[in-house]
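Line by line, the protein sequences are chains Z and H. Number 204 in our numbering belongs to position 204 of the first sequence; there are no gaps in the numbering. Number 279 in our numbering belongs to position 279 of the second sequence; there are no gaps in the numbering.
Please keep in mind that the hints were generated in silico from the structure rather than gathered at the bench. None of these values were measured; they are calculated from a predicted model. Incorrect hints may have been included.
Below, in silico cross-link-like pairs of lysine-lysine (BS3-like), each with a Cα-Cα straight-line distance of 30 Å or less [unchecked claim]:
1. H:Lys46 - Z:Lys537
2. H:Lys26 - H:Lys50
3. Z:Lys106 - Z:Lys454
4. Z:Lys28 - Z:Lys106
5. Z:Lys537 - H:Lys50
6. H:Lys50 - Z:Lys369
7. Z:Lys454 - Z:Lys369
A few chain Z residues that don't get close to chain H, going by computed Cβ distances all over 10 Å [to be verified]:
8. Leu59
9. Lys154
10. Ser196
11. Gly588
12. Ala594
13. Ile596
14. Ile642
Each residue gets a CB set at the ideal place from its N, CA and C atoms; glycine is no exception.
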Amino acid sequence: MSLIMISLAVLFSGAFLSAAGRRTGLSKAGPFMAVLGSALAFAASIFCFINGDSSDLALSWPMPLGSFHIGMDPLSSLFVLLISLVGALAAVYGRGYMGPDTGDGKVAMSWCWYSLLVASMLLVVTARDGFLFLASWEAMSLTSFFLVMHHHEKDDVARAGWIYLVATHLGTAFLLAMFLLLGKGGDMDFARLSASGNTAQFIFAAALVGFGVKAGFTPLHVWLPEAHPAAPSHVSALMSGVMIKTGIYGILRVMTFLGEPASWWGWALVSVGVVSGLSGVLFALAQHDLKRLLAYHSVENIGIIALGLGIGILGISSGNQALAALGLCGGLLHVINHGLFKSLLFMGAGSVLHATGSREIDGMGGLLKRMPVTGATFLVGAAAISALPPLNGFVSEFLIYAAGFTGMSQGTAVWGGLAAVAGLALIGGLAAACFTKAFGIVFLGEPRSAVAAKAHESPRLMLWPMIAIAVLCAAIGPLAFLAVGLVAPAASQAAKGAISMEAISGLPELSANISLLALVMLGLAAVFLFLRARLLKNRSVRQCLTWDCGYAAPTPRMQYTASSFAHPTVSMFGAVLRTGTHLSPPEGLFPANASIETHTDDVFVIMGFKPLVRLVSRVAGVFRRLQQGRTNLYILYIVIAILIMLFWNLM
Amino acid sequence: MTWQTANFFLALFLSPLLLSVISRTKAFFGGRKGPPLLQPYYDLIKLLRKGAVYSRTTTWIFRAAPSIELASILAALSVTPLLGVPALLSFSGDLVFLAYSLGLARFFFVTAALDTGSAFEGMGASREVQFSSLAEVVLIVGLAAVAAMVQSFSLSDICRQAWAGGAVNGGPATLILVSLALLAVLLAENARIPVDDPTTHLELTMIHEVMILDHCGVDLAFIEYASALKFWIFGSLLVSVSLPFRSDNPGLEILAGLFGLFLVSALVGVMESSMARLKLVKVPQLLVASGVLSFLALFNVLR
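Could you put together the complete structure from these sequences and hints?
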């Protein structure tokens, strides 16, 4: 517990130094303090996991409401583990990415916001008081807003930042309503929050919407593909890998206040999960901006997490312990796994952006030769997010599949299990398609533009965090049984004892076979590589041009582009994606320039939010008649109001 | 030596033979004598003796991909049963592992194709990911139907109990629907007519053949062998689900399984000789239709 307090103190002082020390040069300590604070929090979560008990700390504070009450229990410490690990690694990466402070102190200020963001996320997951939770939630939203707006001089970044601010506050409104319903008589301490009956249903619905905005459930995800690409890459990694998971934490924590879960909660999460997963991966396939593609994949993976948690809740509500254990552990393990590989992928995209100055996939190519470490770690991330054995993504999806099969065969959550199995199968196939596109077009082949041909590898500070996360992703696969043991306490706490120890202890056995086969696969691959090397040792190995069917002048522009690679798959789902094409074909006998451009706008924005916002503006526009900017009219309103109050009092 | 090991080694030695059965069947329809039955083995030995030519555009991924593909196909083979004979390794959930190991092989196949920077290979890669994203759903949902039928999540249990009276819900109708769906998946995943033509060498019309255009020598030997093993895997699944023969003697089951596999190869040969490739825009329709069959089988079990 004290470690957490120390880490928070370090982070706050680091933020203060970064902001206040801009002129004296003390702000150079900003990144170090961020890394140190995160590392301390990581140590705290490891200690909490090893000791296995919960701890609490309550201080009074000068605010009129609530108290400074934080605590570490298995659920909190799991999220602290993720936040601190990614926070530390992203800070190291960010120091390399942003470089030293420029003259205007902008970079130093961004380190202030970064430390505050990590500190507020830690407070969100350790808070045990409703007011503290809401205060840190708001702090998290505001500091991430300032970080997103780092390059606010660019129009699209400014627009993305404002969209993010509005979206996160709409979500917070639902959270306020929810806490109002939960807290009785102004006491918001988590130990005393509870609700039942119809109030509990409303609270869960409010939690689903409020936390769903932050997590990125479809259709509330529309801010994600705008904000995450606009932020600097280390911030994108932190936001996408970690911040959206605080929404998942919130839903689980609210569930612990509410008693026995109703089965519609599980159904709601399963449906949201399938829809988010499918729409996320489909829109990702149609993107040609690398970071926007990764942002849509975050939506997809949050869908998979929601799917796992939903099946777990269906298991709790129907009393099927195996189902509950598998679903919850699968969902929570995917939280950790996705936090790891999504951060890795965003860091890789940041490296590419740093090297080429562009996020446009269709302008890249051949970067693996010029940026070998970035490419190799991006490959590990891409394989992990496609849930391929022997990496970590496969373990969590395996658990969710197991939950789906258990539901189907034991007859408890039959249609939920079916949705899980069929949904995951389709999502997995499309995700593999998308990531072969992303990795293949960006890193392989020949460079498609001059900037790609001149790319350089990133500085070492940016490479070491990527290597570290890639090693973790590769290690969790063969160590699946340990990883399952890591999330089991959090899962059983979230289920509030509805899962017995036998159900939990059966899980590491289930995943032991996966670990074994992962090692076998790695061993076999090594054997064949060795065999190939031996066979080719004394034979002629030449190099020549790629087969071009005898064409006289092959150019890199003849390669497949990202849009052409994804086109057959995207056109299958054209009804949902509604890709717009602008084509100016070659005309005449000696055609001049011709061009084709495709873009896929988010259908939820076009069909949902834009009409809604237009309606709200129109209704609000009616009130403009009252506010015309003329002072005489306002004085008239004041006079009328005073007269009405005088007559009211007289009567 | 247990029967499971025998099953595994039989697959290792006899899978190229299935491909020669297909060639012989096609030759019979064409009024030709056809290549010798051991031709695939001669081809593999010839390729293993060659040197290599690599494209300057390719990277270490192109050189490592065939080995990784062969390793993942072997891992998938280790969980594949044949009729009632269990696989080398069987555990609850191995059917997901099978599907995703094949997915790993496909991931590296496609990545190696994109590594060459060739428009032809990009074409094949793009079609491959489109069709396999659909085929994977059909495979998993079809196997899930049989899994729900016998209330077990392990391929070896599923294949043993499917026709051995271990069905708790559903019946032969489910198995027939799943067999039809698995046949469509076998044709799609193994590059057979009507989805893809393994003998055409027009780059514009190929899917699998075009992705291996730039491989040669030892790498190509690994890839060709991995394709033969993949055909064996899908064939075993199809035979186990569709052949109603089970007995207490595993040796008899292996013989029946081999007979079933040769029958499947001959059937594929007949289909290749009697119909033409589908237009590429119609292949998703075929896969979605077989997906509907899988879902129908699943609903039949779950109701």
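> Are all beta-carbon distances from Ala594 of chain Z to chain H longer than 10 Å?
Replying inline: Consistent with the label, Ala594 of chain Z stays out of reach of chain H, its closest Cβ about 18 Å off (over 10 Å).
> Given the hint that Lys28 of chain Z pairs with Lys106 of chain Z, does the C-alpha gap stay at or below 30 Å?
Replying inline: holds, 12 Å
> Between Lys454 of chain Z and Lys369 of chain Z, does the CA-CA distance stay at or below 30 Å?
Replying inline: holds, 11 Å
> Between Lys50 of chain H and Lys369 of chain Z, does the CA-CA distance stay at or below 30 Å?
Replying inline: Distance ~27 Å between Lys50 of chain H and Lys369 of chain Z Cα, so the pair holds.
>> The output says Gly588 of chain Z does not contact chain H. Does that hold with a beta carbon cutoff of 10 Å?
In response: About 25 Å separates Gly588 of chain Z from the closest Cβ of chain H, which puts it past 10 Å; holds.
> Non-interface claim for Ser196 of chain Z: all C-beta distances to chain H beyond 10 Å?
Replying inline: holds, 33 Å
> Hey, does Leu59 of chain Z actually stay past 10 Å from chain H on C-beta?
Replying inline: holds, 47 Å
> Can the restraint linking Lys537 of chain Z and Lys50 of chain H be considered satisfied, given a maximum Cα separation of 30 Å?
Replying inline: Holds. Lys537 of chain Z to Lys50 of chain H sits at ~11 Å (cutoff 30 Å).
> Hey, Lys46 of chain H versus Lys537 of chain Z, does the alpha-carbon distance stay inside 30 Å?
Replying inline: holds, 17 Å
> Are all beta-carbon distances from Lys154 of chain Z to chain H longer than 10 Å?
Replying inline: Nearest chain H Cβ is 32 Å from Lys154 of chain Z, so the label holds.
> So is Ile642 of chain Z really clear of chain H, every C-beta pair being over 10 Å apart?
Replying inline: Non-interface label stands for Ile642 of chain Z: nearest chain H Cβ at 69 Å, farther than 10 Å.
>> Need the status of pair Lys26 of chain H, Lys50 of chain H: alpha-carbon distance at most 30 Å?
In response: holds, 29 Å
Violated hints: none; the structure is consistent with every hint.
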